[in-house]
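*Asks:* Chain order of the listed sequences is S and R. Numbering-wise (the numbering used here), the first sequence opens with residue 6 and increments by one. Numbering-wise (the numbering used here), the second sequence opens with residue -18 and increments by one.
In short, the hints are calculated from the structure, not lab data. This one's a predicted model, so the numbers in the text were calculated from it and none came from an experiment. The beta carbon of each residue, even a glycine, is placed where N, CA and C say it ideally should be. Hints may be right or wrong, so weigh each one.
Ranges of calculated distance between the beta carbons of each label pair, as one might list FRET restraints [stated by the list, open to error]: (1) S:MET241 / R:ARG36: 46 to 52 Å; (2) R:ASP136 / S:SER298: 51 to 57 Å; (3) S:GLY202 / R:GLU(-2): 47 to 53 Å; (4) R:ASP(-13) / S:ASP385: 49 to 55 Å.
Here chain S is said to cover these stretches of chain R; the calculated rule only asks that three of the stretch's residues, wherever they fall, bring their Cβ under 8 Å from a Cβ of chain S [unchecked claim]: (5) 90 to 98; (6) 126 to 136.
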Amino acid sequence: MPSHEDHEGLDRRLRSALDGIDAPDVWDEASNPARPHLSGGRNVGAKRIGALAVGVVVSIFSVVALLQLSPMGGSTPGATEVPLSTSAMLKDLPGVRCTASAPAAVQPGALLNVSYTLENTSNESVKVSGFPPSYPLVVQAADGSSWNTADLMNHSWPYVPGESLSAGGSRVVEAKDLTRLYVQFPGPLSVTPTCEGQQLDPLRVEVSAAGGAAPSPESAMSRAANATSGLFGQCMPQADRPTIGTIGPPPGSDLSAFVAWCSADVQTWDGFSVVTFVIVAPAGEGPSTVVPSGLAAFTHLPTPPRGSNGEVVVWRFVVPSEGKAMPVGSGVTVASTSSQGYERWFDVSSADWRDGGASLCGGTGGGGGSGASATVVFFDDCGE
Amino acid sequence: VEVINDHAAALERVYREEGDRLWRAVFAYTRDAAISDDAVAEAFAQALSRGDGLRDPARWVWAVAFRVAKGHLSERSRHASVTDEATYELAEPALEVLDALGHLSPKQRACVVLHHYGGYPVKDIAGMLGSTTAAVKVHLSHGRKRLRALLEDLDA
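Kindly generate the complete structure, drawing on both the sequences and the hints.
*Replies:* Set out below in structure tokens:
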């Protein structure tokens, strides 16, 4: 078995060899807000020929079984470059070019920031919709899972009038104005944007967790629960072990707590965890309620049985190795018995509870959003 | 603005202290100067964009640089059908060590470089690479053994 001295010998050997290599100063590049990324089409091939140190000239790649080399933006542009943007002429809008752009790397929990630039290259004005359902994103994650924001759009939308693009004009459609998708999957990601209903070529986006190991499932759940303004105070499940408890109303409310079945699923990826909480009421429906994998969206959730007062709430968090848990998706479906009373809706965020309004009891429904808050419904005024 | 400037100045200090060593470590891992440039610049760019919330900026940028480099390596291996006869000038001792490191698996190489050149303990490396301490210990042990044998052959 090698001794401590042997290890020190290896340290010395590596240091003396590697410290002889000239390292370029990349600070200016790092601190330049507009810095190009490697995957952004910079001509890496040209940079490969670098004077690293004085000494022997060697064709290193002919003698090293290290790693096979690809051009990545070298002499065969397009064939191997990893794009930061993808562009196409739109078939249904003659003369309009759409370019989708994404950052080279995103952090877990962050908005997947894909924006679109529409340019009218024709001599006539063209009407573009900017309608969110015409811009779904499909993400293939490194674990083989697939995520489609169209799943979040399967509901009615308010009318969007569209916009006329004059000849030579352009318009930017930003990610924040579309259905938001937060990074909750392991990278690298293959992101296929859709622009005005036309799929573009995929973009490759890295997921770079901010150092440190992913939290343990217990820690991830605890930190996620801490970001729910006490929602799980009396209904805190263990990892993969649901519990039955009560969901209380917001402080100062005269509403009653209700009994619920609470569960949590924890997935652990490279440097971060994803915690998905589920609340089911009536609690007896919990064990038979199956929340499909995929985006935490009310369009995915089962609806409680008609004629009962019940709800299914899902709220998902990304928990990094350090820092706060970040909500990335939520949804709720409800059913209530007809009466003249009103369901009371509340939006629960990391910061507080907010009155989300009232809805006449009866029938079924649902709602949800980016996940910054989850919706919890109280049925005190609905019939039995 | 003052806080931002303080943060940037603090990170630049980290860069001045760690940047060269980090670049060499990423280069020893990837054997690609362009990837090393980008990984180091990207790590510091991300650190700058995060404000002053990093507890240990040095460790953080090492981790991010290796992750970015790892991503580029994956991409490179996927597009490995085209070869590029790039030529570098390297001093003999560096070349020998880099050649030897090249015979290790990427995971072994990352662990050996981070531990024996970066000076990071096993637990930190596990965090940086998104692995477990047990796995890092195994990669480190195998990588070390192989590297020693390769270097001894060269010395003989």
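*Asks:* Does each hint hold? Answer for all of them.
*Replies:* A quick look at each hint next to the structure:
no., hint, verdict
1, S:MET241 / R:ARG36: 46 to 52 Å, "violated, 27 Å"
2, R:ASP136 / S:SER298: 51 to 57 Å, "holds, 54 Å"
3, S:GLY202 / R:GLU(-2): 47 to 53 Å, "holds, 52 Å"
4, R:ASP(-13) / S:ASP385: 49 to 55 Å, "holds, 52 Å"
5, 90 to 98, "holds (count 4)"
6, 126 to 136, "holds (count 4)"
The structure fails hint 1 only (numbered hints given earlier).
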